[in-house]
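Asker: Residue 917 in this note's numbering sits at position 247 of the sequence shown, with consecutive numbering throughout.
Some clues are possibly wrong.
[To be verified] Here are the computed lysine-lysine pairs in the BS3-like style, where the Cα-Cα straight-line distance is at most 30 Å:
id : residue 1 : residue 2
1  : Lys736    : Lys803
2  : Lys807    : Lys821
3  : Lys803    : Lys924
4  : Lys949    : Lys924
FYI, nobody ran anything at the bench for these hints, they're computed from the structure. Just so we're clear, the structure is a prediction, and the values are computed from it rather than from any experiment.
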Amino acid sequence: MKRARNLIEKIADLNNLHLAFYKARRGKEASPVVIEFRKNFDENIKKLQSGILNGNSEIGIYNYFKIYDPKERTICAASFPERVLQHAIINICHEKFEKFQIEDSYATRIGKGQYSALEKAKSNMKKYKYFAKLDCKKYFDSIPHDILFEKLKRLFKDGDLLAILEKIINSYFVNENRGLPIGSLTSQYFANYYLAFADRFAKQTLRIKGYVRYMDDIVIWHNDKTELLELVKNYSEYIENDLNLTLKPITLNKTERGLSFLGYVLFPNLIRLNKNSKKRFVKKYEKYVSNLMKEEWSQEEFVLHTRPLFAFTQFADSLDFRRKIVGADIIRPQKKRIYAVGL
């Protein structure tokens, strides 16, 4: 692939920076950092532009907080000006990252996503007798800075851009110069790009046909168990030796016994919610109903929040489960009618 050059001027273009601002503020218009940035909008945009062109962008001012959905994660939020900077970079560099991806990679890609990955996995469950599921141990925390940067140099030739990317990479580490901050836009692109090399090894060298990757959740299918074991062995060696990552214990099973993937359990002719998805659904639904009963939410706000919650369950064969939870008297009293969506 031909390396991209002369991109820094496009990133620093005022029209691109304005677009980056609007993307960074989306859904956060009332945030104090957004309001503060807008007070001196032209001055702040010019400061960003100068930093990009002069190589002195302010990078690495992070705010840390934890989430527990479904497991504990430390989210690392960059300062608002850096978020604008990252959007400005991705606006211009998205196409180069995208071109390196294969068809069977689904995370952080326009027109792909979780449900496209699930549809492909569902199709493969009907075609093959066996599957192997792999994922990396603490993937974002484990990505080596030096290998990642060397691989970025294969994609970009612009020295000024590479200097900014290197600064972003080195602004955060977990240990031994490893790790990308979860919650950062560039981290999503870097992490997806890093494992795209494993995708190409799987497709071009190992010639694997049944393959799906959603970030570091990877599934390989085959009709011959012995051949599948050999493919998994070679693929695992590439992940560990060439990308310097550690895999969790690999799951290998018959498709008829079900594959746990992205919140669901997939069978050749059936899809169920996994246990954690059911627990999250009940917990969130109870909270939403409580907000409605306490009149902290209007009926419209309740529907707005529950619609995506039910949409997630609707991909699975879960009608009985939804009816059981929505109809449970333990969740809400009968004095107020609940307009449940998605049943």
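Asker: Output the numbers, in ascending order, of every earlier hint that fails for this structure.
Answerer: As far as the earlier hints go, not one is violated by this structure.
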